[in-house]
Amino acid sequence: MSLFQQWAFIVKEALDKSFLVAKFFCGVHVANTYLCSTALVQGPSMLPTFSLTNELVLLERISTRNGKAGTGDVVILQSPENPRKFVTKRIIGMEGDKITYVLDPKNSDSTETVIVPKGHVWVQGDNIYNSYDSRNFGPVPYGLLQGKVFWRIWPTSAFGSIGRRPETVDPALKVRYIFNVYRRA
Amino acid sequence: MTSASFIWNVCKSSFTFGLIGLTVSDRFASVVPVRGLSMSPTFNPPNNSSSFRLFTDDHVLVEKRCLTDYKFSHGDVVVFCSPRNYKERQIKRITGMPGDWISVPFSYDAVKIPEGHCWVEGDNPADSLDSRSFGPIPLGLIRGRVTHILWPPQRVQKIDKKLPRSGLSF
Numbered sequence: 123m124s125l126f127q128q129w130a131f132i133v134k135e136a137l138d139k140s141f142l143v144a145k146f147f148c149g150v151h152v153a154n155t156y157l158c159s160t161a162l163v164q165g166p167s168m169l170p171t172f173s174l175t176n177e178l179v180l181l182e183r184i185s186t187r188n189g190k191a192g193t194g195d196v197v198i199l200q201s202p203e204n205p206r207k208f209v210t211k212r213i214i215g216m217e218g219d220k221i222t223y224v225l226d227p228k229n230s231d232s233t234e235t236v237i238v239p240k241g242h243v244w245v246q247g248d249n250i251y252n253s254y255d256s257r258n259f260g261p262v263p264y265g266l267l268q269g270k271v272f273w274r275i276w277p278t279s280a281f282g283s284i285g286r287r288p289e290t291v292d293p294a295l296k297v298r299y300i301f302n303v304y305r306r307a
Numbered sequence: 031m032t033s034a035s036f037i038w039n040v041c042k043s044s045f046t047f048g049l050i051g052l053t054v055s056d057r058f059a060s061v062v063p064v065r066g067l068s069m070s071p072t073f074n075p076p077n078n079s080s081s082f083r084l085f086t087d088d089h090v091l092v093e094k095r096c097l098t099d100y101k102f103s104h105g106d107v108v109v110f111c112s113p114r115n116y117k118e119r120q121i122k123r124i125t126g127m128p129g130d131w132i133s134v135p136f137s138y139d140a141v142k143i144p145e146g147h148c149w150v151e152g153d154n155p156a157d158s159l160d161s162r163s164f165g166p167i168p169l170g171l172i173r174g175r176v177t178h179i180l181w182p183p184q185r186v187q188k189i190d191k192k193l194p195r196s197g198l199s200f
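Going line by line, the protein sequences match chains A and B. Numbering-wise, this note's numbering puts 189 at position 67 of the first sequence, and it's gapless, one number per residue. Numbering-wise, this note's numbering puts 104 at position 74 of the second sequence, and it's gapless, one number per residue.
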């Protein structure tokens, strides 16, 4: 084989392999954006559903894209105050719902009532004592929702689905949530 | 080659093509038609052939690279999901960034644009449903920035950043 033929063969092989890699990358992108993706959640705002340390969850993109995400779903959304930050919260109300919430449960019992405007949702963290959510930044437009969290894959001790109802908080343990001292039983 | 394997090959190629096309349009750029007159005369300038609207709608190039760091500025024309209905996409110009004060029309109030939000207005204020009705929108709703008009051929041009004439951003 002449030198040119050898080169042509190598170049063709390289192009084929890189095309394969590009196809794989596109497939991963489409699956992550339109089907299912993983996310790392951390922070105190979703205790006791998610503990303080990093947890790996699966989120599905189909329900949020089709408008099927509803009250009680745990969702990941872009923060309305910083589009590069993603937060995990639970939907408490959809458009048209009347929400009565406690403004500042650590200090007082005063409540406010609000009606969620059209095209928006009201999100709150399960740990209302330590959560920056719609009570602070108001209702969020539905277009900011990225995906619905439906399964936890890490830590393996808590492998399983994420329910629509937050786990009930024992009032005697209220002090633990306020001071972020929580260990999964 | 049997017809079954031919059909299978066609399916494989179109699937691959679809995957690549979807990735490119999500991550790099896509072409969208502009409906409506809210951005006249920048898009869809007024003319009297309203019956050919479907063919004479401006088609624009929307670039998606700006979505990695959300660095927008005054005068950018952006595509965003409507805050009232997430399925609708709208095209408007950014006339206010976080921290700006916008004077509300027909009143003495001024609204400060909160962190992470922007004020969008159409270039044709008489026929535009924009931030003057639904308020500032979170930057996270933006889905791309318009850079060029690609169709009709006589209107191929780059979109300039026009600074707002009114709205008194200071």
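FYI, nobody ran anything at the bench for these hints, they're computed from the structure. These numbers were taken from a predicted model, which means no experiment stands behind them. Note that the Cβ used here is the ideal one computed from N, Cα and C, for glycine as well. Mixed in with the good hints there might be a few duds.
As the list claims (entries may be wrong) - List of simulated lysine-lysine pairs, DSSO-like, C-alpha gap at most 30 Å:
1. A:LYS134 <-> B:LYS192
2. B:LYS191 <-> B:LYS142
3. B:LYS191 <-> A:LYS145
4. A:LYS207 <-> A:LYS190
5. A:LYS145 <-> B:LYS94
6. A:LYS145 <-> B:LYS117
7. A:LYS207 <-> B:LYS94
8. B:LYS117 <-> A:LYS220
9. B:LYS94 <-> A:LYS240
10. B:LYS191 <-> B:LYS101
11. A:LYS207 <-> B:LYS117
12. B:LYS192 <-> B:LYS117
13. B:LYS42 <-> A:LYS207
14. B:LYS117 <-> A:LYS240
15. B:LYS142 <-> A:LYS207
16. A:LYS240 <-> B:LYS101
17. A:LYS220 <-> A:LYS207
18. B:LYS94 <-> A:LYS139
19. B:LYS42 <-> B:LYS101
20. B:LYS142 <-> A:LYS240
21. B:LYS142 <-> A:LYS220
22. A:LYS228 <-> B:LYS94
Stated by the list, open to error - Using C-beta positions, here's what the derived DEER-type ranges look like:
23. A:SER140 <-> B:VAL61: 24 to 32 Å
24. A:ASN176 <-> B:ASN77: 55 to 63 Å
25. A:GLN127 <-> B:PRO75: 27 to 35 Å
26. A:GLU234 <-> B:LYS142: 17 to 25 Å
27. A:GLN164 <-> B:GLN184: 33 to 41 Å
28. A:ASN176 <-> B:PRO75: 48 to 56 Å
Unchecked claim - Some chain A residues judged to face chain B by a derived CB distance under 7 Å, without partners named:
29. PHE146
30. ASN204
31. PRO205
32. GLY260
How the hints compare with the structure:
Of the supplied pair hints, the one linking LYS134 (chain A) and LYS192 (chain B) is violated, its CA atoms being roughly 48 Å apart against a limit of 30 Å. With a C-alpha separation of about 22 Å, the suggested pair LYS191 (chain B) and LYS142 (chain B) falls inside the 30 Å cut-off, and the hint holds. Distance hint between LYS191 (chain B) and LYS145 (chain A) is unfulfilled; the C-alpha atoms sit about 36 Å from each other, more than 30 Å. For the hint pairing LYS207 (chain A) with LYS190 (chain A), the CA-to-CA distance comes to about 23 Å; that is within 30 Å, so the pair holds.
Pair hint LYS145 (chain A) plus LYS94 (chain B) holds up; C-alpha atoms about 20 Å apart against a cutoff of 30 Å. Distance hint between LYS145 (chain A) and LYS117 (chain B) is fulfilled; the C-alpha atoms sit about 29 Å from each other, no more than 30 Å. Of the pairs offered as hints, the one joining LYS207 (chain A) and LYS94 (chain B) holds, with about 18 Å between alpha carbons and a cut-off of 30 Å not exceeded. Restraint check: the Cα-Cα separation between LYS117 (chain B) and LYS220 (chain A) comes to about 23 Å, which is no more than 30 Å; the hinted pair holds.
Pair hint LYS94 (chain B) plus LYS240 (chain A) holds up; C-alpha atoms about 27 Å apart against a cutoff of 30 Å. Between LYS191 (chain B) and LYS101 (chain B), the direct Cα distance comes to roughly 14 Å. Compliance with the 30 Å bound is thereby established for this hinted pair. Between LYS207 (chain A) and LYS117 (chain B), the direct Cα distance comes to roughly 22 Å. Compliance with the 30 Å bound is thereby established for this hinted pair. For the suggested pair LYS192 (chain B) and LYS117 (chain B), the alpha carbons sit about 28 Å apart, so the restraint of at most 30 Å is met.
Only pairs whose Cα atoms come within 30 Å are accepted, and LYS42 (chain B) paired with LYS207 (chain A) is rejected, the gap being roughly 37 Å. Among the hinted pairs, LYS117 (chain B) with LYS240 (chain A) is consistent with the structure: their alpha-carbon atoms are about 13 Å apart, no more than 30 Å. For the proposed pair LYS142 (chain B) and LYS207 (chain A), the alpha carbon gap of about 22 Å is at most 30 Å, so the pair holds. Between LYS240 (chain A) and LYS101 (chain B) the CA atoms are separated by roughly 28 Å; this keeps the pair inside 30 Å, and the hint holds.
The suggested pairing of LYS220 (chain A) with LYS207 (chain A) holds, with an alpha-carbon distance near 28 Å, which does not exceed 30 Å. Between LYS94 (chain B) and LYS139 (chain A), the direct Cα distance comes to roughly 27 Å. Compliance with the 30 Å bound is thereby established for this hinted pair. Our distance criterion of 30 Å between C-alpha atoms is broken by LYS42 (chain B) and LYS101 (chain B), whose separation comes to about 38 Å. For a cut-off of 30 Å, the pair hint linking LYS142 (chain B) to LYS240 (chain A) stands: about 23 Å separates their Cα positions.
With a CA separation close to 27 Å, the supplied pair LYS142 (chain B) and LYS220 (chain A) stays within the 30 Å bound. At roughly 43 Å between alpha-carbon atoms, LYS228 (chain A) and LYS94 (chain B) are farther apart than 30 Å, so this suggested pair is violated. At roughly 26 Å, the beta-carbon separation of SER140 (chain A) and VAL61 (chain B) lies within the given 24 to 32 Å, and the hint holds. About 58 Å separates the C-beta atoms of ASN176 (chain A) and ASN77 (chain B), a value consistent with the hinted range of 55 to 63 Å.
Range check, GLN127 (chain A) to PRO75 (chain B): Cβ separation about 57 Å, and the 27 to 35 Å hint is violated. At about 22 Å, the CB distance of GLU234 (chain A) to LYS142 (chain B) agrees with the hint of 17 to 25 Å. Roughly 54 Å separates the CB atoms of GLN164 (chain A) and GLN184 (chain B), a value that falls outside the hinted 33 to 41 Å. Hint check: ASN176 (chain A) to PRO75 (chain B), Cβ distance near 54 Å, so the stated range 48 to 56 Å holds.
Annotation: interface hint on PHE146 (chain A) violated; nearest CB of chain B at approximately 10 Å, more than 7 Å. Interface hint at ASN204 (chain A): satisfied, since its Cβ lies 5 Å from the closest Cβ of chain B, which is below the 7 Å cut-off. This hint holds: PRO205 (chain A) has a C-beta 4 Å from the nearest C-beta of chain B, less than the 7 Å allowed. The interface hint given for GLY260 (chain A) is violated, since its Cβ lies 9 Å from the closest Cβ of chain B, which is over the 7 Å cut-off.
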